[in-house]
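Protein chains: 2
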Amino acid sequence: MASELILLEMKVSPFAPRVKIALREKGLEFEAREEDLLNKSSLLLEMNPVRKQIPVLIHNGKPICDSFTIVQYIDEVWNHKSPLLPSDPFERARARFWADYIDKKIYPIAKKLWIAPEGESMEAAKKELLESFKTLETELGEQPYFGGKSFGAFDISLITYHCYFHAFERLGNFSMVKECPKLVEWGERCMEKESVSKSLCDPIAIYEEALETRRILGV
Amino acid sequence: MASELILLEMKVSPFAPRVKIALREKGLEFEAREEDLLNKSSLLLEMNPVRKQIPVLIHNGKPICDSFTIVQYIDEVWNHKSPLLPSDPFERARARFWADYIDKKIYPIAKKLWIAPEGESMEAAKKELLESFKTLETELGEQPYFGGKSFGAFDISLITYHCYFHAFERLGNFSMVKECPKLVEWGERCMEKESVSKSLCDPIAIYEEALETRRILGV
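Protein sequences, first through last, are from chains H and C. Here the first sequence is numbered in the numbering used here, starting from 23 and rising by one per residue. Here the second sequence is numbered in the numbering used here, starting from 23 and rising by one per residue.
Chain H on its own, in the form it takes in the complex:
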């Protein structure tokens, strides 16, 4: 039986695109349904009653929630091609550690920078974001991917911020190429993959969304 895969998503989000990349890496067909967070669908509320958040992957009627958990699920169920998690338990633990780091560090700092007024708050958010990016750059080292020689779950967790780089630079008035050249090279390398480039948003649209959020909040 062919699998029925429905993805409840929001295009402008660092989370749902991770699932799309993983599905595309595995060569799977899926139906994506855009959610409106101000008016959540009854399907979303039914499928993720505890968190009520996207992304949710509905696989033959059964929901799997949380982006990194979904990526691991996809890797475990469709293990015939493009392994996303390393086979070695130590390397797998490393991928999980950094996926968690990205969620606990990058997302909250990015949110701060998004709405920080010009001046001290913006400078503090920018400093914190660049420190985290530099920590990640050190971890990347001279490898082509965070997963080592091949693209994997650790890369997937971070690459969905690639389309936010432009907004970060414009809002924080800095240059990613100057500050984190290896991270930019890594991002370009990942973007050569169709699974990635097809799943990420337009950086200009994201920057415009940031400006709109700031306008609404009166920043």
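Because the hints were derived from the structure by calculation, they are not lab data. Hints may contain errors.
Remember, identical chains collapse to one label, so a pair may be satisfied in a single copy or spanning two.
Dumping the calculated EDC-like pairs for lysine to aspartate or glutamate here, alpha-carbon to alpha-carbon at most 16 Å [as the list claims (entries may be wrong)]:
| # | residue 1 | residue 2 |
| --- | --- | --- |
| 1 | K84 | E113 |
| 2 | K48 | D97 |
| 3 | K74 | D122 |
| 4 | K84 | D110 |
Mind docking chain C on chain H? Use the hints.
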């Protein structure tokens, strides 16, 4: 070669005991070293330079960090007995979802309740904590364990809060047996396992630590 296992821990914490339970479920010997968070050891800083947090499991000199990541690592490396994660990918995703829920919900609310002044703040923290416990109780349903028929990683994530129940009750002035009878029964069932009872702290000592924290903060 016998594995050398060193656990950098703090006894009074919901995190490190998870690792001890997993190691004991697998019948593994380990050396536990207590850390002082106000004066972290050079070993901790070397082994977890990014987060600088316990627990860290050092396996033959290599560090694995973050309690749930360590539990998964232990389960993957020593897969000959006592499986901790379910073999079915959907059930494994469910265990990961709830482990994440416990870390993102229970821990922050418990911290709030810990230091909330009597009155409105305490009532709000207590309400939020009980709501989360009831959500978990619904998920448990009529099963003996969160893992179903057998004790597993989802149980491990939550059981390390069992020794905090007494402090929660005393601080919030409520009865766990009245509010969440099934959760209490589940906790007692888990405590019959030596792996669990040997790894958890004395509830009275935890309550005293809460009172001491409140005294220092002037609550």
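Exercise. Please flag the earlier hints that this structure goes against, numbers listed from lowest up.
Key: none
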